[in-house]
Amino acid sequence: MQFMLLFSRQGKLRLQKWYVPLSDKEKKKITRELVQTVLARKPKMCSFLEWRDLKVVYKRYASLYFCCAIEEQDNELITLEIIHRYVELLDKYFGSVCELDIIFNFEKAYFILDEFLLGGEAQETSKKTVLKAIEQADLLQEVRPHVVTLHYE
Amino acid sequence: ADVIATARWTNQRRAALSQRKEAYAYMPAVSKGDGMRGLAVFISDIRNCKSKEAEIKRINKELANIRSKFKGDKALDGYSKKKYVCKLLFIFLLGHDIDFGHMEAVNLLSSNKYTEKQIGYLFISVLVNSNSELIRLINNAIKNDLSSRNPTFMCLALHCIANVGSREMAEAFASEIPRILVAGDTMDSVKQSAALCLLRLYKTSPDLVLMGEWTSRVVHLLNDQHMGVVTAAISLITCLSQKNPDEFKTCVSLAVSRLSRIVSSASTDLQDYTYYFVPAPWLSCKLLRLLQCYPPPEDGAVKGRLVECLETILNKAQEPPKSKKVQHSNAKNAILFEAISLIIHYDSEPNLLVRACNQLGQFLQHRETNLRYLALESMCTLASSEFSHEAVKTHIETVINALKTERDVSVRQRAADLLYAMCDRSNAKQIVAEMLSYLETADYSIREEMVLKVAILAEKYAVDYSWYVDTILNLIRIAGDYVSEEVWYRVIQIVINRDDVQGYAAKTVFEALQAPACHENMVKVGGYILGEFGNLIAGDPRSSPLVQFNLLHSKFHLCSVPTRALLLSAYIKFINLFPETKATIQEVLRCDSQIRNSDVELQQRAVEYLKLSSIASTDVLATVLEEMPPFPERESSILAKLKKKKGPGAVSVPELDDKREGGELNGGGDRGPDTASTPSPSADLLGIRSAAPIGATPTSTGSLLVDVFSEAGPAAPSAAVNDDGFLRFVCKNNGVLFENQLLQIGIKSEYRQNLGRMYLFYGNKTSVQFASFTTTVSCPGELQSHILSTKPVEPLVEGGAQIQQVLNIECLTDFSEAPLLNIKFRYGGALQNLSLKLPVTINKFFQPTEMTSHDFFQRWKQLSQPQQEAQKIFKANHGMDTEVLKAKLLGLGTALLDDVDPNPENYVCAGVIQTKGQQVGCLLRLEPNGQAQMYRLTLRCSKDSVSMRLCELLAQQF
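The listed protein sequences derive, respectively, from chains X and E. Numbering follows the numbering used here, with no gaps: position 77 of the first sequence is 77. Numbering follows the numbering used here, with no gaps: position 387 of the second sequence is 1387.
Any given hint could be a false lead.
[Unchecked claim] For lysine to aspartate or glutamate, the following EDC-like pairs were computed, each having C-alpha atoms within a straight-line distance of at most 20 Å:
1) X:Lys25 x E:Glu1368
2) E:Lys1322 x E:Glu1406
3) X:Lys42 x E:Asp1272
4) X:Lys25 x E:Asp1099
5) E:Lys1875 x E:Glu1905
6) E:Lys1582 x E:Asp1599
7) X:Lys59 x E:Asp1408
8) X:Lys44 x E:Glu1406
9) E:Lys1325 x X:Glu135
10) X:Lys44 x E:Glu1368
11) E:Lys1113 x X:Asp74
12) E:Lys1243 x X:Asp91
13) X:Lys127 x E:Asp1272
14) E:Lys1243 x X:Glu72
15) E:Lys1322 x E:Glu1386
16) X:Lys128 x E:Asp1188
17) X:Lys17 x E:Glu1406
18) E:Lys1113 x X:Asp138
19) E:Lys1203 x X:Glu135
20) E:Lys1203 x X:Asp138
21) X:Lys44 x E:Glu1905
[What the hints assert, rightly or not] Chain E regions said to be covered by chain X (calculated; three or more residues, Cβ under 8 Å):
22) 1082 to 1093
23) 1196 to 1209
24) 1227 to 1235
25) 1323 to 1331
26) 1843 to 1854
27) 1879 to 1893
None of these hints come from the bench; they were simulated from the model. No residue lacks a Cβ here, since even glycine has one placed at the ideal position from N, Cα and C.
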């Protein structure tokens, strides 16, 4: 995988993860172009598109679009399930995740992603194992962030 | 409870959401004493900003605040530092520039509080600064964490390396990480991170990641008990196998047995690695992908086991689903498609290929758009296998239907691609007709490509040329705006080369021009063809010479300048063909709007043609305006254009009957010299520009000279450029440029003045034939620094055979980018794609110059401007043996001058670089320091860019 972007229906970027070295300018250009392309697509259209020399796989969850750029030889369907597993991880961690969780706890979203994918490849696909790693890390924190405690208690 | 319905929210979720919204809205007020209260307040503030200006104002206020805290006298505690660094990160992620805070983030790395360390690493991962001082500090912190034996800290450090992946990090850690990866006492989670971290470093700096002694232990990770470790390790192993297939080939049998265990396991066996009733889908896909790096296993037992797996996967596709969830079917089908890719890659099991094709056929009518899309895409590759081509063809009606009815343009695009791929002589007329009718309503985004495809198919499968001419003229009628120059040049080229179609072409264009509104491209083709062959229809009074002329001239005023120029040339041709039109045409040429036209080209043509027609005798006129000679046979330049548009590898021209049965469109087998020609902007009828107006592209090979030079940049090869061999050839001309388990490429080259000739020898090391072998040479960087022309290579290279290719090289000006050689061929069904830098370097064009010490230093002083000099001090990479050094310096092409430098240890050389446009004098001085094992290299040249380039090249030679 070359990069993953999360953006809202309004085109606001919520998370960006780049697995290839690119300049900030190039990243902004790609983001702009891709957000526009994906938002212009209709709901029933297929989840894959050719974009430059990459394949783009995207899926919408409520107000958020999850969008991955993969290479020629990569598998589209399994990428779609990468996205889904990430959504499941966020959902399990935040408890019915919504866009606001990702805005206010953006650092958590990055941490969870790093446990799941590293360098653009799946590192650990077991939901339990990933969440255990994150929760262990949370235990190491002296005070748990308020936002999380809000709906965990 | 872990199910999220796409876009559909249960009431429960809705309630949870609105509760959350409230919580976030009030949070700043209600929260106290939490970890990052300030951050939440800040995010909340930003969200409440009504305008972009307000947001920027709020951010600037915050930046000023953070800056003052960081600069303040009071030392900040870890918590505050973490909070501010996190705020900066948030600001950066909003899209604003951040130019401070890096130091504070680096400080956090050495905190012993996990959460502070974690934020520090996140900041560094997102916002690395190339500031070398900082990189050293970061690397130090990472080093500490890696040796901490605390697995959570180790993982954080490894994640950071994997996220940044810079060369500096590779230099620091590439040798350490393999050890962590294979050590017996490393925790599983650390192993997983280490494997992928290494993968990232390998991708950025393959030269620094040496597996060497670890190879076999890494391969054996495929056997690891922990599925997570296998999942992470296999990505690394796949990447390494692609680059060094021989060293890793033991992974094949391990992968097969692992796959077999997964495929035959019950859906509950793998516990949390089962995803919606599908056992380990990610790992399965990766295993199948790894196997695609290799030919079919030679060991019968392994192969049998693998075929069994593939059959099981195909069988499972027919079983009823274990769940209705789309995740279940996606995961299952992901494996299925990967298995089909492997079957296609092997291209050796007819039974499996046909089963794959049938399975895809079912998907073509599936209700899931995604599956239809993928089936169409996958079938494209099946169409090029001889075993499944016929089976693919049986789906033609479904595919045509998809082209007509799919609602998503990207799916229609796939359908068009598949029609193109399944096209052969038997169905060409049907497919071309369908594509033409689709063009009338096709989306603008794909019209140009569709036009190219129709043009290629029409040309390739034309048995009767009137059909071909009709098809192209239809193309112009339907989608004139999308018909590129290549397409209409091509129809003219073919008509000129085939005398049996000329009369028909003249008649047809004449009829087409009758339409009141016809596309300008039609006028171009009409002008050219009537100018050449109007005489063939002049016998009919309805298309007498004057009628023809008047018809053309009625379009003249609506046309652009290049078309008008072309028409003027057609008119002068008319004067030769039909003397009776002379007076009328001279009248037209003479009128002010022509002879005083503000456009220089038009004015010049009008004046010259008028003069020519008045003073030249009939004989002279007949000679000058003779019918165009046949064009040398070339591969369709349209194909080259399509390849460029789609990127290499993307065009699967129906390859099965590449041999073009039934005579070639292009007539004579006489293959003209492949000169570089630029498409003339108006396809000059007089042939003033000697070369054909069509891109020069030899049959079935690259050397797309015109295509290289006609646009801003060369087509970027998709294969990673391999330049390991390149530097070895700076000081020598012959040797092996590249070798892998399939192919060896040797070169021999010779240079004289600004010209060179390079012989490339492609050796097939296997016992299997390479099919569709093509090579393309392109020149990146400054265009036209060198012209290369090639004769095509044969598309088939038998097992064990060697073929030769000659490149002619001309150095036009000095250059620094080397030309790229792209090689593509099919080996056992799999497309191989390889890009190499050709070792054509500026020093190849050196003429040695002998001179005395006095002369040398006089010139040295003359070249004393700072930019004329380039200097490098570097460590010796090889032994500092005098004879070896001398041989290298001579190999460089310069004269090695004795008794010049007062210090006998030093070497001085002189030479002149010959380019077409100029000569560049170069002086070189190499000062070895045996004790320090260092060199100082100084170059002074009359052109700065040459000093720089030579210095770069040479610094890596000694």
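Outcome of the hint check:
no.: 1; hint: X:Lys25 x E:Glu1368; result: violated, 37 Å
no.: 2; hint: E:Lys1322 x E:Glu1406; result: violated, 29 Å
no.: 3; hint: X:Lys42 x E:Asp1272; result: violated, 35 Å
no.: 4; hint: X:Lys25 x E:Asp1099; result: holds, 15 Å
no.: 5; hint: E:Lys1875 x E:Glu1905; result: holds, 17 Å
no.: 6; hint: E:Lys1582 x E:Asp1599; result: violated, 24 Å
no.: 7; hint: X:Lys59 x E:Asp1408; result: holds, 15 Å
no.: 8; hint: X:Lys44 x E:Glu1406; result: holds, 11 Å
no.: 9; hint: E:Lys1325 x X:Glu135; result: violated, 28 Å
no.: 10; hint: X:Lys44 x E:Glu1368; result: holds, 9 Å
no.: 11; hint: E:Lys1113 x X:Asp74; result: violated, 39 Å
no.: 12; hint: E:Lys1243 x X:Asp91; result: violated, 39 Å
no.: 13; hint: X:Lys127 x E:Asp1272; result: holds, 7 Å
no.: 14; hint: E:Lys1243 x X:Glu72; result: holds, 17 Å
no.: 15; hint: E:Lys1322 x E:Glu1386; result: violated, 36 Å
no.: 16; hint: X:Lys128 x E:Asp1188; result: holds, 15 Å
no.: 17; hint: X:Lys17 x E:Glu1406; result: violated, 33 Å
no.: 18; hint: E:Lys1113 x X:Asp138; result: holds, 12 Å
no.: 19; hint: E:Lys1203 x X:Glu135; result: violated, 31 Å
no.: 20; hint: E:Lys1203 x X:Asp138; result: violated, 32 Å
no.: 21; hint: X:Lys44 x E:Glu1905; result: violated, 76 Å
no.: 22; hint: 1082 to 1093; result: holds (count 4)
no.: 23; hint: 1196 to 1209; result: holds (count 6)
no.: 24; hint: 1227 to 1235; result: holds (count 5)
no.: 25; hint: 1323 to 1331; result: holds (count 3)
no.: 26; hint: 1843 to 1854; result: violated (count 0)
no.: 27; hint: 1879 to 1893; result: violated (count 0)
Of the numbered hints given earlier, the model fails hints 1, 2, 3, 6, 9, 11, 12, 15, 17, 19, 20, 21, 26, 27; all others are met.
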